[in-house]
Amino acid sequence: MNKTYQKKHELWLAILFASFAVNDEAIKSRLYDFSQIAFRHMKWLGEQILENGEDYNYDRDMVLLKRNSVFEIIEALRQDITNIQALYPKNILGERMKTDDAYLLEYLAQIMKDSANNQEVTAFNMQRKWGEKDLAQEQIDALTLFLFEESYKEYELILVYAYMQARTKDVLHFNVFQDLVDESQFHLKSFGNMMAKLGILALPRELHTMTYVVKDLNQFIKDGIAEEEAAKIMCKELSDAIKDEELAKFFDFINYQESYHIELMKKLL
Amino acid sequence: MFENVKMPEGMNPEVLEHLMNPKNYGKLDDADGVGVALDEKTKEYVIFYTKLDSDIIENVKFATNGCQDTVVIGSMFTQMILGNDTNYANTAVQKMHDKLGKLSAQQQVCADIVFTAFLASLKNYEHKQNGEDEELHVLKMKESCQVEQTDEGKENE
Numbered sequence: 001m002n003k004t005y006q007k008k009h010e011l012w013l014a015i016l017f018a019s020f021a022v023n024d025e026a027i028k029s030r031l032y033d034f035s036q037i038a039f040r041h042m043k044w045l046g047e048q049i050l051e052n053g054e055d056y057n058y059d060r061d062m063v064l065l066k067r068n069s070v071f072e073i074i075e076a077l078r079q080d081i082t083n084i085q086a087l088y089p090k091n092i093l094g095e096r097m098k099t100d101d102a103y104l105l106e107y108l109a110q111i112m113k114d115s116a117n118n119q120e121v122t123a124f125n126m127q128r129k130w131g132e133k134d135l136a137q138e139q140i141d142a143l144t145l146f147l148f149e150e151s152y153k154e155y156e157l158i159l160v161y162a163y164m165q166a167r168t169k170d171v172l173h174f175n176v177f178q179d180l181v182d183e184s185q186f187h188l189k190s191f192g193n194m195m196a197k198l199g200i201l202a203l204p205r206e207l208h209t210m211t212y213v214v215k216d217l218n219q220f221i222k223d224g225i226a227e228e229e230a231a232k233i234m235c236k237e238l239s240d241a242i243k244d245e246e247l248a249k250f251f252d253f254i255n256y257q258e259s260y261h262i263e264l265m266k267k268l269l
Numbered sequence: 001m002f003e004n005v006k007m008p009e010g011m012n013p014e015v016l017e018h019l020m021n022p023k024n025y026g027k028l029d030d031a032d033g034v035g036v037a038l039d040e041k042t043k044e045y046v047i048f049y050t051k052l053d054s055d056i057i058e059n060v061k062f063a064t065n066g067c068q069d070t071v072v073i074g075s076m077f078t079q080m081i082l083g084n085d086t087n088y089a090n091t092a093v094q095k096m097h098d099k100l101g102k103l104s105a106q107q108q109v110c111a112d113i114v115f116t117a118f119l120a121s122l123k124n125y126e127h128k129q130n131g132e133d134e135e136l137h138v139l140k141m142k143e144s145c146q147v148e149q150t151d152e153g154k155e156n157e
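Going down the list, the sequences are from chains A and B. This note's numbering numbers the first residue of the first sequence as 1 and each following residue consecutively. This note's numbering numbers the first residue of the second sequence as 1 and each following residue consecutively.
Where hints are given, some of them may not hold.
[As the list claims (entries may be wrong)] DSS-like cross-link-like pairs, simulated, lysine-lysine; straight-line CA separation at most 27 Å:
hint	chain 1	residue 1	chain 2	residue 2
1	B	Lys123	A	Lys215
2	A	Lys133	A	Lys113
3	A	Lys266	A	Lys169
4	A	Lys222	A	Lys266
5	B	Lys140	A	Lys215
6	B	Lys27	A	Lys3
7	B	Lys43	A	Lys236
8	A	Lys28	A	Lys197
FYI, nobody ran anything at the bench for these hints, they're computed from the structure.
Let the sequences and hints guide you as you build the complete structure.
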């Protein structure tokens, strides 16, 4: 079952990063919704694996290829979805995943019927231009580094909290982990779309077991609070460094969200 | 290799490529040596896997929960030593130190943790060759992120 879990993890990322890569807002939004469904599949699969007395990990075996057109992305997604079908368990969850995937395949087929949807993909062109705005090179560099740093961190947090959520019997902890996962999903979405806009979209690197197998929750939370404090400082520095009002406001907004994460995390102590 | 490389402040395409697609990143199931460098204060770690064919570094992987500078340096360093012998790799450590000396203090710290993890993997290999049953070798970084010069045995986990 770990193989199925791994492939589901990869499919979640494939759909999620396809949504970041596509510029068309309608397709982007639908793909993002499907990515969240895939993430729930992954969560339910994990629960089932644990109930069966087995375990899963976050190993991956995928690369994010630099596609040039929407149809290339869609075609690759269709292939990934088709390939996973044989791995699904023969039970109610397996049926649920199959019907969800069938609907997604149908949606993808509809997109492919209209050649107007086959737009150029600019998410991987490494141009590092922020639309029409004229940001100075050092601001672009600061933004680039921040996005790589934080997109990895949000991916890490999603998986670490999901891992702990799947293993807790404490309702308060369960709820806090869910809130933190949801918040990080939003941050990852924001940062992923910004990376795509800059032409530097890339998968966050794989998590090592040393990162997500937590032996001491209290210590982990204390370290996590310190990390959130550091993230707040990074956001503030970036907000100060970027001389664009719209972007600066966005990073202030993220900064305030990090403040509340700390309050949520304190509930776990 | 590092002559024209500028680290993230003033990012060039090579560094960007390492950020987008770090080389030799991940785990190595059949590694001969596994080493970890751990900064206990920040909980940042680098784990390094080394596969040797006699003295030649046949394969190498690394992983980290650290910052992007650590990732870029790890990616570059593993590319540099892959296919070379351990003597070269040890020289490469020094060569990179010389080059990276121009970097900020923060980036120097990141370089140190990568090199220390590599050295820990060689130490683990050496211990295994001596018949010790050591899953991996851990070297703890000082606050300044330099390897502790204390009894290594106490540092092992």
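These are the hints, each one checked on the structure:
no., hint, result
1, B:Lys123 / A:Lys215, "holds, 26 Å"
2, A:Lys133 / A:Lys113, "violated, 35 Å"
3, A:Lys266 / A:Lys169, "holds, 18 Å"
4, A:Lys222 / A:Lys266, "holds, 8 Å"
5, B:Lys140 / A:Lys215, "holds, 19 Å"
6, B:Lys27 / A:Lys3, "holds, 17 Å"
7, B:Lys43 / A:Lys236, "holds, 23 Å"
8, A:Lys28 / A:Lys197, "holds, 13 Å"
When each numbered hint is compared with the structure, a violation occurs for hint 2 only.
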